[in-house]
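Asker: Model the placement of chain B on the given structure of chain A, informed by the hints.
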Amino acid sequence: MSSLEVTIPTDREVLTRRRFSAPRGLVYRAHTEPDLIKRWLLGPPGWTMPECRFDARVGGSYFYRWAHPTEPGFALTGIITEIDPPDRIVSRENFDSQWTGGETEVTQDFIPDGDGTIVAQRILFASREAREAGMATGMTDGMAMSFDALERLLAELA
Amino acid sequence: MPEETLDLTFAALADPTRRAILARLSRGEATVTELAEPFAMSQPAISKHLKVLERAGLISRGRDAQRRPCRIEGPALAAVNGWLETYRDIWDQNYRRLDAVLADMQADGKDTTGGH
Chain A
1 MSSLEVTIPT DREVLTRRRF SAPRGLVYRA HTEPDLIKRW LLGPPGWTMP ECRFDARVGG
61 SYFYRWAHPT EPGFALTGII TEIDPPDRIV SRENFDSQWT GGETEVTQDF IPDGDGTIVA
121 QRILFASREA REAGMATGMT DGMAMSFDAL ERLLAELA
Chain B
1 MPEETLDLTF AALADPTRRA ILARLSRGEA TVTELAEPFA MSQPAISKHL KVLERAGLIS
61 RGRDAQRRPC RIEGPALAAV NGWLETYRDI WDQNYRRLDA VLADMQADGK DTTGGH
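Note that the protein sequences, when read in sequence, are chains A and B. With the UniProt record's numbering, letter number 144 in the first sequence gets 144, and the count goes up by one each step, no holes. With the UniProt record's numbering, letter number 78 in the second sequence gets 78, and the count goes up by one each step, no holes.
Among the hints, a few may not be true.
[Stated by the list, open to error] Listed next, the in silico EDC-like pairs over lysine to aspartate or glutamate satisfying Cα-Cα at most 16 Å (straight line): (1) A:Lys38 - B:Asp99; (2) A:Lys38 - A:Glu51; (3) A:Lys38 - A:Asp55; (4) B:Lys51 - B:Asp15; (5) B:Lys48 - B:Asp15; (6) A:Lys38 - B:Asp104.
[Claimed, not checked] Far from chain B by the CB rule (all over 10 Å, computed), these chain A residues: (7) Cys52; (8) Gly59; (9) Phe63; (10) Glu82; (11) Thr107.
Derived from the structure by calculation, the hints contain no laboratory data. No experiment lies behind these values; they were computed from the predicted model shown. Note that CB positions come from ideal geometry on N, CA and C, so glycine has one too.
Here chain A stands alone, though its shape is the one from the complex (with noise of 0.2 Å):
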């Protein structure tokens, strides 16, 4: 298992960076290919993703809409800007809700590494303060923090 590096380089943006097993086509079909996607981009346990439609092409657009048994769901939609398969889908998004406060522009490239493969994505929000919104519910006011948290935190900013 390889261990998810998240950096956020300037206040407008956050990368991602995660190796994974298995040779790049792969990978990039997980990406592409409702029947793949809603079967892992859920986030938190609890989440399904009942529809899920994805045209990979220049111009083509995608929506997933997430359903919880008890929270309210909530869709995205994303238009495809450019697209290199298998090394690279750069597209627009936005959430039906107030979560990402505004438009992203969301780069994947999928990098070979050895028999592997390396996901970098990266989100660019519309602004500082939208990306804070996008994740307001993650305030955590006022908690203690330990140092290994700090260090963790300080080597994520670097």
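Answerer: Same frame as chain A, now just chain B:
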């Protein structure tokens, strides 16, 4: 924490020197002189960074007019950390499920796109 404070916090953390100062302060309080040493920076330059960190609520400074030792303030960092942890958790869970999906795909021998 008010949102404008969080904005200041993120802006303060966007600078590598200020992150290094926080890393140093996570090991205990320090004066401006002590903080300036490892950075090959003048004390006024360090003081500017400290003002940004203080305004963002990330550090506080002692009242002793001579030394004014700096110390780290937990809640502001915890707010940023909470933001990042939520983000990290969501993608960590997604990608663990993706590991399983990819393992299934490989077991099924469906790699027809040529990999890399």
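Asker: Against this structure, judge whether each hint is valid.
Answerer: So, going through the hints one by one against the coordinates:
1. At roughly 14 Å between alpha-carbon atoms, lysine 38 (chain A) and aspartate 99 (chain B) fall within 16 Å of each other, so this suggested pair holds.
2. This hinted pair checks out: lysine 38 (chain A) and glutamate 51 (chain A) have alpha carbons roughly 8 Å apart, not beyond 16 Å.
3. Among the hinted pairs, lysine 38 (chain A) with aspartate 55 (chain A) is consistent with the structure: their alpha-carbon atoms are about 15 Å apart, no more than 16 Å.
4. Distance restraint check for lysine 51 (chain B) and aspartate 15 (chain B): the Cα-Cα separation of roughly 13 Å lies within the 16 Å cut-off, and the hinted pair is therefore satisfied.
5. Proposed proximity of lysine 48 (chain B) and aspartate 15 (chain B) is supported: the alpha carbons are some 12 Å apart, at most 16 Å.
6. Our distance criterion of 16 Å between C-alpha atoms is met by lysine 38 (chain A) and aspartate 104 (chain B), whose separation comes to about 14 Å.
7. Distance check on cysteine 52 (chain A): its Cβ is at least 13 Å (rounded) from any Cβ of chain B, clearing the 10 Å threshold; non-interface status holds.
8. Every C-beta of chain B lies more than 10 Å from that of glycine 59 (chain A), the closest at about 22 Å, which supports listing it as non-interface.
9. Residue placement check: phenylalanine 63 (chain A) keeps its beta carbon more than 10 Å from all beta carbons of chain B (closest about 18 Å).
10. Its beta-carbon lying about 19 Å from the closest one in chain B, glutamate 82 (chain A) satisfies the requirement of being farther than 10 Å from that chain.
11. Even its closest Cβ contact with chain B, about 15 Å, leaves threonine 107 (chain A) beyond 10 Å, as expected for a residue assigned away from the interface.
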